[in-house]
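Engineer: What follows is the residue order along each chain.
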Amino acid sequence: ILNVEQSPQSLHVQEGDSTNFTCSFPSSNFYALHWYRWETAKSPEALFVMTLNGDEKKKGRISATLNTKEGYSYLYIKGSQPEDSATYLCAFKPGKAGNMLTFGGGTRLMVKP
Amino acid sequence: KAGVTQTPRYLIKTRGQQVTLSCSPISGHRSVSWYQQTPGQGLQFLFEYFSETQRNKGNFPGRFSGRQFSNSRSEMNVSTLELGDSALYLCASSLDPGTPRGYTFGSGTRLTVV
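Protein chains in written order, with the working numbering: chain A, 49 to 161; chain B, 45 to 158.
You may find that some hints are simply not true.
[Unchecked claim] Just so you have them, the derived chain B footprint on chain A, three or more residues with Cβ under 8 Å:
hint, region
1, 82 to 95
2, 124 to 130
[What the hints assert, rightly or not] So the derived label-pair ranges between C-beta atoms look like this:
hint, chain 1, residue 1, chain 2, residue 2, range
3, A, Ala94, B, Gln98, 17 to 27 Å
4, A, Leu100, B, Glu126, 36 to 46 Å
5, B, Leu132, A, Asn115, 29 to 39 Å
6, A, Ser55, B, Arg59, 33 to 43 Å
[To be verified] Mimicking BS3-like on lysine-lysine, the simulated pairs with C-alpha atoms at most 25 Å apart in a straight line are:
hint, chain 1, residue 1, chain 2, residue 2
7, B, Lys101, A, Lys144
8, A, Lys90, A, Lys126
9, A, Lys90, A, Lys144
10, B, Lys57, A, Lys90
11, A, Lys90, A, Lys107
Note that these hints are calculated values from the structure, not bench results.
Backbone N, C-alpha and C define an ideal beta-carbon position, used for all residues, glycine too.
Could you put together the complete structure from these sequences and hints?
Structural biologist: Written out as structure tokens, the structure reads:
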């Protein structure tokens, strides 16, 4: 059974604060690490797909890093805005055929205006 | 471009009944995966279909089954429903199986078993 863990489970920040979350995953049989944002009453939306050790991806104020050797990824949000409020999910894809993701429990971010 | 369409959006069933959920992927996407989300367990992988074949299966009992049609539309079926099957069921479609791209999710079907 693959174990993907995210911390913290929830986070309350003020508008303008910068924040970061952690995702830990198995360091063996790695193929890809996905990050998704899931807003209430919407579908999960892909943020990043990371495959190489040392990868850094950026999308506006959101960025992510990847360390496959030690099995962790960080997601950073710079200058949080209320519209960033959502659950952020990471998902591990092992190196086998097909599309099968093991998701972490998510980090629920609430940004207060 | 139409997104991933799941029907129905909401469903209420009685214990012991069976249910069929439908997922139409983005046009051209051949891989469809199904996930179950419950408050205590988070998103859990059910199964994945590609070109009408089940390619991967999660750790769920045999009451959960699925299929994929030649147009890539997929259905999942749950027989002999239990209260614990109450959940949000999401499907996700992908253009290139095995290629590291983000998946596109549907809005889900919320199933309540009473």
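Engineer: When the structure is checked against the list of hints, which entries are broken? Sort them ascending.
Structural biologist: 2 and 9
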